[in-house]
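Visitor: In case you want the letters, here they are:
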Amino acid sequence: MREGRAPRAHDAVDEGPAVRAVNVAIIDYGAGNVTSVAKALRHLGAEARIAIDPGALAGADGIVVPGVGHFARTTAIDTAMRRALRHAIEARTPLLGICLGLHWLFEGSTEAPAAAGLGIFQGRCSALRGSPGIKVPHVGWNAIDVTANGSRLLNGLGNQPYAYFCHSYAAECGDRTVGIASHGDAFSAVVERDAVFGVQFHPEKSGAVGLAVLGNFLRVCDEAR
Amino acid sequence: MLARRLIACLDVSHGQVVKGVTFGNLKDAGDPVALAKRYNDEGIDELVVLDISATLEGRRAFIDTIAAIARELFIPLTAGGGIRSLADARAVIEAGADKVSINSAALVDPPLISAISDTYGSQATVVAIDARMTPNGYEVVSRAGTSPAGRAPLEWAGAAATLGAGEILLTSINRDGTRQGFDCRLTAEVSGGVPIPVIASGGAGTYEHFADVFTLGRADAALAASVFHFQHHSVPSLKQWLSNRHIPMRLTGERC
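Protein sequence lines correspond, in order, to chains H and U.
Quick note on numbering: the first sequence equals residues 1 to 225 in the working numbering.
Quick note on numbering: the second sequence equals residues 1 to 256 in the working numbering.
Only chain H is shown next, with the shape it has when bound in the complex:
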């Protein structure tokens, strides 16, 4: 799994001065297993800290918005945190939304129509349609069709990597979609715009593929600092 690793201090011992580990802030808004995301990032050599208030974003080389569950839970991300996140995005700090975190980067979701998303990506998320043979929630490993050359997040993953999904709502495909998955309908598995990324799957639970995606994100963070 070495391909997924971010620069670590001890990697540089023979090559020059020690490199500071990439420092990632994980937004904790009470919806999602921040611990498993933190564990995976630390496994890759990053420093991961849990951010509850906007002040905790200062000095972060990258930001992760995790999340599992209902879109209404994103209302726990308050105005001050939203402002701080917009500011960080304007300052080109890399940001990765995972699952519900991806939904929240869009304008909203029909799951909770009154709750506003951050609106970095255009469009709304809506429910996957179940049918005979298509069970919702969509749970399990599904293939991602990589649609854009030059995606920094999917770099080195081949044409059809498998990742672990667990969700009932999804974002439709748009011009920022760089990876598509299908469960009945096609939806955005990966979106990317400048240094803002979103993944519908759980990289922290997707084995070697997931660690490679997180490694790519850490590399973007490392290059941006």
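Hints were generated in silico from the structure; no laboratory data involved.
This structure is a prediction, so every number in the text was calculated from the model and none was measured.
Just to be clear, a hint being listed does not mean it is correct.
To be verified - Listed next, with one range per pair, are the computed distances between beta-carbon atoms: (1) 134(U) / 130(H): 28 to 38 Å; (2) 42(H) / 243(U): 32 to 42 Å; (3) 119(H) / 15(U): 43 to 53 Å; (4) 193(H) / 15(U): 39 to 49 Å.
In this text, a Cβ means the ideal position worked out from N, Cα and C, and glycines have one as well.
The hints should help you fit chain U onto chain H, whose structure is shown.
Guide: Positioned in the frame of chain H, the structure of chain U alone reads:
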């Protein structure tokens, strides 16, 4: 296309993996963390770890086992066995499990399904159903297969889904440990009748058994323990074999 999943089950007691034949006759099959890592390297899609100790010291050891596995593995991890309350569920989730499996406690206290689902999400809530064949059809049994619950598997699975379960782990007590094949009739009846994924368990012995449960049994996932532990099957060759028979599988050879 969504792949069908192969799930390895580790029955643990006091930090050691054990697996019996029809709930008795336990044999030692090794260290849970070492086994879990081997499965991960081989491309298993998920792990289920069950505490079968049923003692307080066993419980503490189990939490440590879950934490040790979650530190090293980055695939979905379900913890079950002896989960009787929201506090029990919280303990294993905080130790690093992604999902909690509840069985007998859900039959006694169905609102526990909703309590776990409302707190951690339906994706984290697995209801395990042990079913036994009788002359009058299938019946649900509780307490490790010893006590009839007076419900039919399909009816109970549907009720569990309505209460917030995200997946059903369905075990045939008649087939468990026999290596005579999954109960495809039972699995198809439940899987075809509920809107959530069904994991088939009990009876895995040959490659054909897995193919049958995914096709005839309409299972979303198949769980096995001893056939994987004792290396009767290598996970990569089983997956390749199933894939060659047009059963969608996540093949990991090129990356792991």
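Visitor: State for each hint whether it applies.
Guide: Checked hints:
Distance hint check for residue 134(U) and residue 130(H): the Cβ-Cβ separation is about 32 Å, which falls inside the suggested range of 28 to 38 Å. Between residue 42(H) and residue 243(U) the Cβ separation comes to about 34 Å, which falls inside the hinted range of 32 to 42 Å. For residue 119(H) and residue 15(U), the Cβ-Cβ distance of about 49 Å falls inside the hinted range of 43 to 53 Å, so the restraint holds. Distance hint check for residue 193(H) and residue 15(U): the Cβ-Cβ separation is about 47 Å, which falls inside the suggested range of 39 to 49 Å.
In terms of the numbered hints stated before, the structure departs from none.
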